[in-house]
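The listed protein sequences derive, respectively, from chains G, S, W and P. Those letters in the first sequence? Residues 1 to 379, per this note's numbering, in order. Those letters in the second sequence? Residues 1 to 346, per this note's numbering, in order. Those letters in the third sequence? Residues 1 to 352, per this note's numbering, in order. Those letters in the fourth sequence? Residues 1 to 509, per this note's numbering, in order.
The hints are simulated quantities; they were obtained by calculation from the structure and are not laboratory data. Heads up, none of these hints are tricks.
Derived pair list, reagent style SDA-like, types lysine to any residue, alpha-carbon separation capped at 25 Å:
1. W:K132 to P:R333
2. P:K257 to P:G485
3. W:K132 to S:V13
4. W:K132 to S:R309
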Amino acid sequence: TTDTPTDGPGEEGQTSPSGDWFDAEEYETQLAQRDMEPEGPADEPWLQAIDPSYVDTSQYALEGEDREDPTVCFSNASVSNPWRVTGWITMQQQVEVLQESGDIGEFRVSDAADDDNQQISDIQTFVDSGDCDAIIISPSTTATLTPAVEAACESGAPVIVFDRGVNTDCHVTFIHPIGGYAYGADAAEFLVEELEPGSRVLALRILPGVDVLEHRWAAAQQVFGESDLEVIGHEFTEGDGATIKDLVTQHLQRGDVDGIWMDAGDGAVAGLEAFEDAGQPYPVISGEDELSFMRKWQEEDLTALAPVYSNFQWRTPVLAASMILDGEEVPEEWVLPQEPITEDELDDYLERNADMPSLHYAKFGGEDLPGFPEAWQDR
Amino acid sequence: MSLRLGTTGLVYVALAAILAAGAALAAARGQDLFTTANTVDLLTRSSLLGFVAIGQTLVILCRSLDLSVGYVMALSSVVAATAMAGQTSRIWLGVAAVVVVAGLIGLANGLIVTRLGVNAFITTLGMGLIIKGYLDTRYKGPAGEVPAEFQLFGYTRIGVVPLSFAVMAAVAVLAVVFLRRTRTGVHMYAVGGDAEVARMSGVRADRPLLAAHVLCSVTAGLAGLLIASRFGTGSTLVYSSGYELESIAAVVLGGTYLLGGRGGVGGTVAGVLILATLDTVFNVLGVDPFFKDVLRGAIVIAAVALYARRQVDRAATPPRFPAPSRVPLLRPPRPPEAAARRGGRP
Amino acid sequence: MTATDTPAAGASGALRRAGAALAGGGGGTVFALLVLVFAVIFAINPGFARPPSLLAFAQQAAPLVVLAVGQYLVIVSGELDLSVGSLVGAQVVVAARLIDGQEPMTLPVLLLMLAFGAAVGLVNGLVTTVLKVPSIIATLGMMLVLYGAVRLWTGGAPTGALSEAFRVAGRGDAVVLPFIGGVPWAVVIAAAAGAAAVALMRSPYGRTLTAVGDNATAASFSGARVWRVRTLAFVGSSVLATLAAVLIGGFAGVTAQVGEGLEFSAITAVVLGGVVLGGGRGTVLAAIGGALAVEALFTLFNQLYLPSTIQPAVQGLIIIAAVAYAARERSRRSPRAPAAAGGPEKSPREEV
Amino acid sequence: MNGGPQGPLLRMSGVGKSFLGVPVLRDIDLQVRAGEVHALVGENGAGKSTLMKILAGVHRADAGTVELDGGRVDFTHPVGAREAGVATVFQEFNLLPERTVAENVFLGREPRGRGLRAGVDARAMAAETEHLLEDLGLTAISPHAPVRSLSVAEQQIVEVVKAMSQNARIVSMDEPTAALAGAEVELLYGLVRRLKERGVAVLYVSHRLKEIFDLSDRITVLKDGAEVATVDTADTTGADLIRMMVGRPVSAVFPEKVAGTEAGGVRLEVSGGGNERLDGIDLRVRSGEIVGLAGLQGSGRTELAHALFGIDRFTRGELRIDGERAVLRSPRRAVRSGVALVSEDRKTQGLALHRSVLDNGRLVLDAVTPRGSRARSGRLPGIFSSLELAARSPSQEVRFLSGGNQQKVVLAKWLATDPSVVVLDEPTRGIDVGAKHAVYTLVRRLAAEGAAIVLISSELPEVLGLADRVLVLRDGRIAGELPGGASEEAVMELAVGGAPAASGGEVAP
Ligand SMILES: Nc1ncnc2c1ncn2[C@@H]1O[C@H](COP(=O)(O)OP(=O)(O)OP(=O)(O)O)[C@@H](O)[C@H]1O
Ligand SMILES: Nc1ncnc2c1ncn2[C@@H]1O[C@H](COP(=O)(O)OP(=O)(O)OP(=O)(O)O)[C@@H](O)[C@H]1O
Ligand SMILES: [Mg+2]
Ligand SMILES: [Mg+2]
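With the hints as constraints, model all of the structure from the sequences given.
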């Protein structure tokens with residue numbers, strides 16, 4: 001026997017392996033998507049879709065007894081950062097609702113702890129077990145998970161991919177917010193707008209080589225390249241506050257830093273503290289909708305923006321699974337809205353999340369779930 | 001001899017016990033540990049770590065250590081995928097490139113350790129950093145493409161046995177033969193046991209150590225090939241998966257003495273299987289991923305403590321005057337046979 | 001023989017020994033490296049030579065210095081502690097969750113952290129000494145357990161917040177001196193920890209610790225309780241890791257990744273200081289020098305605007321080169337085949 | 001064998017060697033003929049081992065030449081020496097404890113099979129080892145046994161077998177009898193004579209003059225790295241040799257009791273002591289008394305020493321120190337009760353080799369009584385000088401000292417604790433005449449100061465010459481007691497169990 005996916009790795013997708021991370025077409029598309037009005041219920045952004053083209057899923061519809069308590073399997077890349085933890089809680093809450101209503105039966109989960117090979121095995125195990133009526137995959141890396149996702153598709157169960165993509169379109173739907181280019185551009189454009197020409201901007205990145213993060217930086221480079229800002233450096237921090245503070249402190253020793261661009265909000269506060277400790281004025285900064293950063297922003301009245309990589313997307317896949325098993329049509333590529341939080345909205349979001357822990361994400365989108373707010377508070 | 005066998009035997013007993021316990025726990029939850037899916041999963045998990053751990057065994061036998069294996073894996077997967085460039089005709093080119101590149105890294109490690117006298121811990125840690133720097137700078141993410149035929153390596157299976165596992169097992173057998181039947185292999189035990197004694201006995205102590213480092217890197221390269229074949233591309237980020245420490249844990253779990261000179265590949269394979277079994281069992285039981293780490297840490301410690309305990313017991317000589325006494329507090333190892341010949345002269 | 005461990009016979013003797021140490025590998029290499037790195041930094045950026053920059057550097061280096069001192073205790077006794085990174089992470093996360101921004105909780109939580117750190121060290125030590133699990137495995141296991149347990153407890157991501165009082169140690173200034181500026185608490189604390197360690201290593205306990213690392217049997221036959229001596233070293237390492245956690249948490253607040261990889265930095269620092277893995281040789285001052293050198297290298301890379309992706313490669317090269325240089329010097333000073341009357345180097349744990 | 005009567009098989013001329021700039025060998029000329037047993041004697045640190053190591057390719061000479069059979073050789077690795085036909089039994093143990101006897105014997109030159117048995121041929125290796133052992137009448141040792149399971153004496157024999165199996169033209173042995181007692185020494189004699197018959201040149205180092213005179217044809221005396229003389233054994237006496245080695249006549253081999261030494265109260269008392277390896281040990285040592293412990297290898301002397309020092313404890317019976325009942329659960333307790341143990345193997349049990357002389361001297365004080373350690377260690381320099389320790393400075397690492405001086409450091413470490421009971425296990429093993437004398441004097445002085453002393457030695461004259469009483473151990477039990485100055489035959493009779501003392505009785509000078 002062989003478990004090899006029959007067709008080779010797909011040609012299209014967000015990235016060609018080994019290619020440069022900047023894809024002009026995709027970049028333009030994402031920038032345009034920012035301004036499009038999404039379809040779907042306005043108060044349920046996780047069900048909205050931007051410019052969707054629907055696919056028929058009747059082939060996956062389960063009838064009668066089969067439809068009762070179907071098994072949904074979820075292969076998670078990891079819960080190794082606060083963003084994923086928040087999303088994972090949201091997803092579990094959503095699953096409870098669906099289980100209550102009988103739309104989903106068993107919810108089987110495997111967590112690959114950021115190990116691609118592990119996740120391939122996890123998916124393989126789901127496929128081999130033959131129990132899964134739908135398979136949800138949050139791939140840990142785009143290119144490497146492609147063969148496994150293809151194998152999952154071949155099992156016949158509907159496959160739902162979310163967050164990061166894969167280089168194939170065999171899945172029924174691929175759910176994601178607009179994307180990294182939009183995120184990076186939002187942040188960079190904000191800095192360009194708020195800073196004087198010639199200002200010095202420091203970029204703080206988490207890791208190299210992760211597509212979502214590389215897209216953000218590629219877009220930012222594009223935007224900065226067309227501006228008059230001076231990018232004095234980009235550093236990898238692994239999201240560690242101490243490293244961030246070290247690095248920023250060192251840059252401050254060598255000259256002014258007027259703006260900070262970050263590819264994720266982790267450790268933004270530590271970066272800002274470096275300015276405090278050095279007795280320098282705060283920079284213009286783009287962080288993320290992580291509450292620690294937003295609270296700091298409010299307290300210190302910063303000039304800041306919180307770009308958002310919509311955390312509420314974690315609700316969508318299970319809902320989609322339920323829809324697919326009902327045979328309802330879903331968007332082929334389910335692009336969720338992704339809007340940065342601006343100064344005007346700051347107070348509102350902080351109020352709504354007043355009791356949430358500091359590493360919680362403002363746009364987590366779970367306020368209407370029955371577990372709110374305890375589930376997110378006592379993790 | 002008997003001790004080596006004994007320890008290896010114990011490792012397999014431990015493996016059987018863990019399998020049985022896992023199966024029982026799964027059964028209690030109404031699940032079957034030995035389904036095709038789970039068995040394939042278990043064996044597949046083992047093959048990747050297995051390659052790395054076999055090589056690691058060789059260096060540890062020589063009283064060295066290789067912390068660069070994860071980075072070599074990552075680099076090898078990229079080298080393989082870029083060399084193959086998606087073309088079937090270039091598969092062997094890719095394999096050869098990996099063997100050469102990995103071999104050279106191993107050679108560098110070995111030369112730094114033997115010629116420059118740098119501690120292996122630091123050498124291989126430093127080498128890992130160097131490779132990481134290269135990978136991060138040169139490649140921004142996955143690179144290259146592996147032809148579909150090569151993916152067969154990662155996905156084909158014969159019955160429940162994945163091809164990759166069969167290859168790993170074959171490499172293990174080769175390693176066992178190598179350790180028993182070649183001078184270099186035999187001398188690895190000597191160098192690990194006592195490098196000075198080996199030297200004084202006319203063993204060129206550098207050679208086994210060099211060979212071990214080269215072979216260790218090459219097996220890490222094989223693991224990189226497996227990665228490439230399973231991912232369909234080369235992945236730079238594999239280095240963060242912690243294979244270096246996990247392989248050391250597998251080797252020690254397999255009964256090989258961390259300070260060299262004792263142990264073997266047979267035990268290591270069992271050690272790898274134990275770790276894979278744990279993972280599979282945890283998966284089947286749906287254990288929280290963080291709790292997995294807790295359990296894994298605790299189980300590895302407990303298992304190694306068990307071996308250590310047993311070795312202490314085995315080392316004790318049968319008493320001349322048996323008495324209902326406890327194990328003495330501080331007893332240097334004593335020969336088991338000494339009592340029989342006691343009083344007599346050679 | 002090490003220059004710092006014996007009370008100097010006389011000033012000139014001390015001077016001569018210090019000179020010899022500097023020229024001749026071992027602990028000396030690291031100080032030479034340190035001087036070299038700083039010379040380059042000053043050449044690139046003369047502004048760095050001003051006290052505020054140097055103090056900021058010292059503040060950043062403080063946690064690693066503290067960790068290196070702890071790791072030194074364990075390494076010189078012939079063992080290794082891989083759990084410190086995880087422990088730092090765990091302690092910061094625990095502190096944040098328990099304090100949760102409430103000032104009055106600071107002191108009780110600090111005490112609790114101290115107890116927790118000591119307990120972790122105790123377990124590491126006892127597993128290594130009494131259960132005879134090699135320390136690299138024992139502490140690797142502890143690393144996994146701590147990593148998993150803390151995340152299990154907090155649901156994967158840190159919650160809560162540190163109090164202002166907690167953060168003073170890592171962030172605040174102890175005194176503000178004229179001309180020099182604020183001297184950070186972290187620097188004072190690290191210096192105190194270093195001084196205490198130097199004193200400790202000169203005390204009977206310290207000397208016994210080194211002897212245990214050199215030859216555990218001989219130490220035990222001389223009446224040392226080897227298990228206790230080593231276990232205390234592990235406790236020291238964990239307690240110092242706790243102190244480092246206070247400094248790091250104080251310096252930068254809580255993040256999910258805090259502490260990751262610090263064990264290797266600390267070991268690198270110690271080894272760079274010429275302390276031999278396997279025990280019995282090397283001084284605590286050299287280990288501190290190693291920590292400073294590691295930090296100085298990072299600073300240098302930064303000053304050079306070295307692309308951050310290349311930095312690990314350069315770091316790897318420099319570490320290997322420095323240790324190779326020290327090893328060469330050492331072997332020049334003591335012939336390679338030591339099996340003559342001087343005795344074979346058959347101490348059971350020569351090198352890991 | 002070649003080499004012929006016409007020229008020496010081995011000719012070393014003008015050989016010199018320095019370590020760290022300190023010359024340890026100067027201008028040595030040495031010629032060894034085929035079929036000759038050539039002894040090399042000298043004090044500790046005279047350079048005997050270094051000379052052998054140059055021949056064995058372990059060290060390279062800084063100056064001079066080495067010729068084998070008229071051809072110049074310069075070995076850079078021991079493998080070169082072996083290929084040239086030089087086999088060496090080193091002073092230190094040189095076996096891998098985890099490997100089998102056969103693997104050790106063939107280490108570095110494993111036979112390779114052909115065809116199906118290509119690669120290292122373990123079977124051939126075992127068979128050949130078996131054959132070798134049988135040939136030498138050593139059937140008790142199995143080629144498959146891990147070396148770790150052999151007694152020290154057996155291990156030493158394996159080392160000799162390993163050297164003999166190489167069919168070498170020159171076999172050099174560095175103190176091969178240091179760990180051997182009577183019968184095994186005899187066995188070794190046989191081996192050496194056999195080599196001699198085969199025309200092999202044997203270079204033989206020993207501190208035991210009796211062996212030198214029993215075995216050798218010629219003797220070369222080294223002193224402080226220089227050659228003093230080469231003499232024919234037949235024309236020499238022991239006194240001559242000692243004079244040449246020491247450079248001064250040693251007044252009496254065993255110093256007399258210090259005047260005023262008197263046996264006082266019982267300091268150490270064991271009644272009915274026993275554990276897994278000892279049984280029915282009754283022992284009383286009074287202050288000022290020296291009690292010797294004799295016995296064959298493996299008779300349990302070290303075991304008893306360990307039991308007295310809390311390393312292994314007595315599980316039966318009672319132990320009293322100065323009249324107080326003591327349960328010695330660890331060496332630490334023993335030290336606190338005033339017991340000191342000069343252990344059998346100074347390198348693995350006595351010294352931290354990378355630490356300084358001073359640190360080693362302070363070791364026990366630091367470990368056991370940290371409080372007053374600084375003050376009491378102030379006495380160490382005095383102790384060092386009273387032992388005539390030859391070290392460059394108190395901060396020199398002890399691994400750079402010669403064997404005798406290392407032993408003095410061990411002694412100093414215990415003297416610093418003012419012990420009331422001193423157990424010395426083979427305190428003179430592998431040390432030279434001068435250092436031995438220092439140890440004897442020290443033992444006498446300790447007795448005079450009121451310590452109770454237990455002296456274990458494989459050299460019977462030593463025990464008989466120093467001890468007031470001698471206890472003989474056999475199979476873990478006390479076989480009998482003899483007064484000091486008893487005959488060696490009487491000791492051996494007890495040691496072997498009533499049988500008439502065999503030739504094994506005549507050990508040592
Ligand atoms: N590797 C070494 N490094 C430094 N000094 C050494 C070394 N080997 C030997 N020495 C020194 O060389 C001198 C001669 O030592 P050697 O071992 O040859 O003496 P020996 O005659 O064999 O003494 P012993 O009877 O104690 O075995 C001694 O002073 C010793 O300290
Ligand atoms: N800790 C040990 N490890 C290995 N072998 C040992 C140990 N202790 C003793 N032996 C060996 O076991 C045998 C019995 O030892 P024991 O200590 O009872 O004898 P002994 O009379 O002291 O002999 P020795 O002259 O060797 O000191 C001896 O051959 C000894 O070399
Ligand atoms: Mg010698
Ligand atoms: Mg003995």
